[in-house]
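Following the hints, put chain A in place on chain P, whose structure we already have.
Next come the chains, spelled out residue by residue.
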Amino acid sequence: MYKILLLSFLLKSLFFAEVITPIEEVKHYDKEKVSLGKKLFFDVTFSKDGTVSCASCHSDFGSDSRPVSIGVGGKKGLIQSLSVFNAVNNYKQFWNARASSLEEQIDGPIHNDFEMGISKESIEEKLNSSKIYQQIFSQVYNESPNYQLFKDAIVAFEKTLLTPNSRFDRYLKGEQVLTSLEIKGFESFKQHGCIACHNGVNVGGNSMQMMGSVIEYNYVPGQQDVYAITKDEADKNVFRVPSLRNVNKTAPYFHDASAVTLKDAIVKMAHHNLGTYLESNEVEAIEAFLKTLDGTVPTTWSQDVK
Amino acid sequence: MLNKWIKISIAITAIIFMGIWVTFYKQKSEAIQYRGYELYNMLETLKGKHYEVIDKLLQSALYQNYNNDILNRQLELLNQYEQKLESTEIYMTDHYPKTKLILKKIFIQQQEWNQGIEIFKRESGKIKNSFAFVVSSLIHLELKNGNKTQKILNIISRLISIKASMDIPIFDKDTFDTDFFKNIDATNEKNKMYIMLYKTHIDLIKKSLPSYINLVNTLVKKESSKEYFYDLSQAMKQENAQQLKKLNSEYYMLILFSLLTILIIIYYIISSEKEKQHIIKLQRDYKKSVTTDLLTGLKNRSAYIEKIKNMQNCTIIFLDIVDFSSINNLYGINIGDFVLQTLGKILEDHIESIENTEIFKVGADQFVIVLENYPLEEVTLLAINLIEIIEEKDYKYKGLNQEIFVQVLAGISTKEPYLLNATLAIKSIADDFSKKIAYYDDSLDQTQEIQENLTMIQKIKTSLINDDIAMLYQPLIDFKTKEIIKHEALVRMKDKDEYISPYFFLDLSKKAKLYTKITHEVIKKSVQAVRDYNVDISINLSIEDILHHETCKFIMSTLQNNEDIAQKITFELLETEEVHNFKALKEFIQEVKTFGVSIAIDDFGSGYSNYNYLLELDIDILKIDGSLIKNIDKSYNNQLVVKSIIEFAKLANIKTVAEFVASQEIEAVVIELGIDYGQGFYYSAPKLL
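Residue numbers (my numbering), protein chains in the order written: chain P, 5 to 310; chain A, 506 to 1194.
The following block holds chain A by itself, in its conformation from the complex:
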């Protein structure tokens, strides 16, 4: 493939060549036409000079006295002109072969003509002299007889008529009857001499006149030369036209050739342009495939990085689906993908109408909206709006009867590194259920915490391997009997001699996907404690655990394996947790209850305090939130709240537990209020059994 510029220069050259050729042709064709015109004129002039000579020749023949200088001069001019023609293109070039041939014939004929004219001059002098003599014979001869005079006059008139007509004469016997001279007086010496001269001249005329007239006719008529002149101009015209025709065909061929060259080049330029377009398209497709998320069709993280590189004064909204992994786990990857696609579509549709925004899918379940030149307020509004739309949307998957709940958190960042900042912002509200939007702020720089977290995760892993997940138990006291009725199992991580509180590792374990293992460990160890120590044990479960398929399965199998001691087990569910899948929770409770397991609600009174929910779920025990208890001896308000809870519990036949009983004063109040059991440091801190 030729370089584009080479092609263009070839095309330009072809055009220039064409231009030069057109100009050249125009000049050459004009030159040929002009030459043709010139030559035609010359040939016409030649013809004219030819007839000029004939004219003079006729004059010479006609006049008795004539200046031969004139005829000579005219003939010389003709000959000179013929020589001049020999230096024209007819002779100098090969363009006029036929014309040249005819011209040569004419020139050869001219030589004959020149000789003929010489003879003509010679003969005409002779004839004229003889005529002069014969005509004047009447003066010279002494004629006495009128009849004889008449005879001579007849001869003279006959000669004059012959010369006038210039017809070739047929002499009969009478024409030049010389017999009558016998009757002339021959005794006269002068007469005698004249008769002799007369006879001589008559003989001369007889001999010369026919050939002379023939010569004049030949020279003057020159039929063949007339034809030659006609042929000459025809041949010249024809050959001139041939030259033009040849030039024309050359011209058209070259024009055609030039045009063809240009066309070919144009074709190549167009085709290479097409190729280029194709390559550009491929590049674009490739770039797109690299920069596009296949699932949602949105731009991916690479595209985001590329985009953000050149951005100034921009804000990002980072949207993270809350606990997307559990959607995947619960419903399967197909539904997870469906959720992502739907979410992507929602965002795309919504963002589409907003200027200077672009959406990217930067993680498995994370989206980023990049906004250019937007005030933070507007960005926040957009984020709120988006969260609303996302969470209110019905995610109905074909074949799945259940409704899928999707929750998102939005992190807003105006500072580089945008994505990291936004992530950290979200993280800061991950535990705060009241907040859905977080802003990046310098104070939220958690780089160090991330490091600590990583260390902790490593620790959790190690403790799982080394069986360092330990259980501490805090007893519950029956206020009536002052006896320990059961223990709440509390998970700890054993680090050397220390027991680390779950506060420090539980959230991390969730993130590190170790939580399930810990849960299982807790259940396993707690159940083992029931068996080993023959005590009632209360195990904390989160709604998450219950909804977690694997955990749920594990709980059920554990219960089945320990049916004999199942009635000694209580599951404590956190009231604070928002329950989305109420139905699943209810089913779980119903199922475990078949084993004789009791259900307790933990931290009741701090969150929703949904009584209807308690009734619905068939709860056995209600653990009143510690925050209500710890100041109950000093807070009347707390006493009122707790009192109402207890009243409800009694009516619903639900045992109540007071947590955080730290002193005798508190114990006195809660007993007074009618709470069934107590738990707290007043009795015992969590301890090993």
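Just chain P, same shape as in the assembly:
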């Protein structure tokens, strides 16, 4: 019995167990700070015209179901909103990975004229003119509000936004049995090489890849790819591989929101990035597998903190 256990552990570690790892639930966090972060996250005060909050574009499972988000003054964004759920587990933030931490990421949408369009000074002014925020900040930080603390609270909140207990994670932990279709989907996922990019705890989000690495994908000048930063021809259409966690709940797909359904997305990916053709039963199986990655909505998101 002991030997069998040991053997199974060894086999697991050698093969797939490490390739995708389950999300660990956040158990300990500063509730007051997270509560403040959540309040800030949902507060439209911190936008140029007081119409947009962080949550405006990160509401549907932390993502935006619209192809592009609508910012202050009804301006349209440039890219499909990525989910804030499990974002902490991505090695870098944004489609082109230009932020290496959540703190850095916040600066982007906050100051972007197409999104919230507000300066650091305005935020601090707004915070300091609010008795409630002054009180909460002094409770949490024992000092008056400032932009740094503002970000710190939001990040604290974001760090709790994990979606554990997906069926696949429970399967990995040996707590759940998957259907044969789902298993087949996972096998196909590996066999066709999806897993080469979609691995790790977030099933993606840990490397860069060119959209259309095998068969060229439509390039739209001005899009926020790596080329936008490096101006290197080789970086055109290069994006951070997105996480497949809760992929079933975060349509539409791709940077350009070109795939509306999950099946569309699977087929497109197989064509452009795997250079292969999937039979419809394989697509169905993979879809079934991807659906097992749906986790539970974070409690700090769905319920009042405390």
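For the record, the hints were derived by calculation from the structure and aren't laboratory data. The beta carbon of each residue, even a glycine, is placed where N, CA and C say it ideally should be. Hints are supplied without guarantee of correctness; some may be wrong.
What the hints assert, rightly or not - Here are the in silico distance ranges between beta carbons for each label pair: (1) M671(A) - V48(P): 51 to 57 Å; (2) S69(P) - P602(A): 29 to 35 Å; (3) Q180(P) - Y542(A): 48 to 54 Å; (4) P225(P) - Q585(A): 34 to 40 Å; (5) A669(A) - T300(P): 41 to 47 Å; (6) V48(P) - M597(A): 42 to 48 Å; (7) A669(A) - Y281(P): 26 to 32 Å; (8) P225(P) - E694(A): 32 to 38 Å; (9) P225(P) - K695(A): 35 to 41 Å; (10) D117(P) - K742(A): 50 to 56 Å; (11) V48(P) - N619(A): 34 to 40 Å; (12) M671(A) - E283(P): 44 to 50 Å; (13) T300(P) - E694(A): 40 to 46 Å; (14) M597(A) - D117(P): 38 to 44 Å.
Below, chain A alone, put in the same frame as chain P:
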């Protein structure tokens, strides 16, 4: 010259400074060593993390399916660690310039590496997918020909071997022969599509694989970074050692400086101590010269005063050389000095062995021995002993044939003022030849007498100037003829109408050095009386006078000038006086006799009554001591003594004189006894001629 205490405090400061520095150095050197150790560990950890990343990178390249989270995580740890190094002493201080430079190079390289790893992930995903596709192509393609199957298998095995070896592949025409696809059933739509995809993947592999393998090799091998790590630890060690070396040299310099300071101060302290010693010696020498008698080397009067100041319960023996001035006069100062030196030496030698005694030379010819806590008896014994030693000593001076006689008197005092008391004590026995030692006693306080003496001395001086030294004459009667045969000249000092007896001034005149003048006056006046009154005159001379060179000379010249009347002169010599220089006396007598002068011995019978001496000296007249005569009519004993003297005198053909004949009864007895001449108040008191 710095104050001694300032020097000492500087020395102490230097020592404290040294101590602090040693402690400081120890701590600092330990800190540097520890820091070196810490930094070395950090650099080793950096290296370890570096290889950790390589390890994960290789895993990623090796496994078809790999969790890139692990590689990312490891790379992040490495980058974080590099940031941590930026807050160490290597970056924060200037002590590690070379190490810092190499580290910076490594960090710059790290940025390239980070980018390289990003590309690696991108490329590896692509290659892995293409491999996956090619490997599964046998499943997708419907191949009817075994030969074709073999061809595809060849391609697959070739790819697998390339990936396994990770050698940069050289693709030849056969490797990815796509011609054979033409023979595959292209009418089948599915086959058609797969052939197209197959070609795409083969092209992709052809294009990407060499650069991918090259990239992996570059990232993994990183030859240059290996060198960098070696250089890094070498530079760090070297620079750490340099710091220690610098600290060491500073340390030794400061220690040296401190030691030098201390040495200089010690040198100064020693030299000033030497100077001090020198000054002390000078002081001592000076004090000695002040307190030492140059002639004898003994301590002098000042030293004595200093000594006696703090003394309690002490006794002094005061030694006075009797008539030292005549030694000087007779033999000269050199011999006088010789006597003093010899005497000093004797005393010194003798006293040396006696505890709690000290000797001083307090006057020209006076010595004092100070004794502490000695009973009077012992002191007396010592005094007797000393007198004996002094008087028995042979004082032989080179070139002087004569023997020098030295006599001392000792005065003993136990009371302040010691010296004065002792002097007075001696004075009390100065006239008493039987006594050599005198004790201080309250009754001997002669302060008043000293005053009187001073008055008298003044009187003597005045009388000499005013020619007030007068002569009275007492006649001598020849018992046979009842005629006056001569007069004894007796010196007096005329004070107004009085004639003062020599008893009151003669001794004082000796002390006041006026005696010689008086003697000369006596001789001069007596001789003049012989001439003026044509009488025989007898003049009293002491042995002292005869031995006194000047007086002696004066006598001789007087005799020469008055040769015509010399036979009318008699010299009376006092028998009582002890004669030390017998030879000189005899010569004198012989010489004056050539002028026809008679010699008489005065006061015979009271003292030594040395008959042999009378014969030897060729005496003419013997004057029998008055004490024998004045009671002769009542004392049979005196008659016997006088009778024997007369018998001797007659046999020796010496005339005899009876003094103190005060009555007819006495005259009758002395005539009866056969005395030749008489003298006394019965006949006449001394009177002017």
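Broken hints, by number: 2, 12
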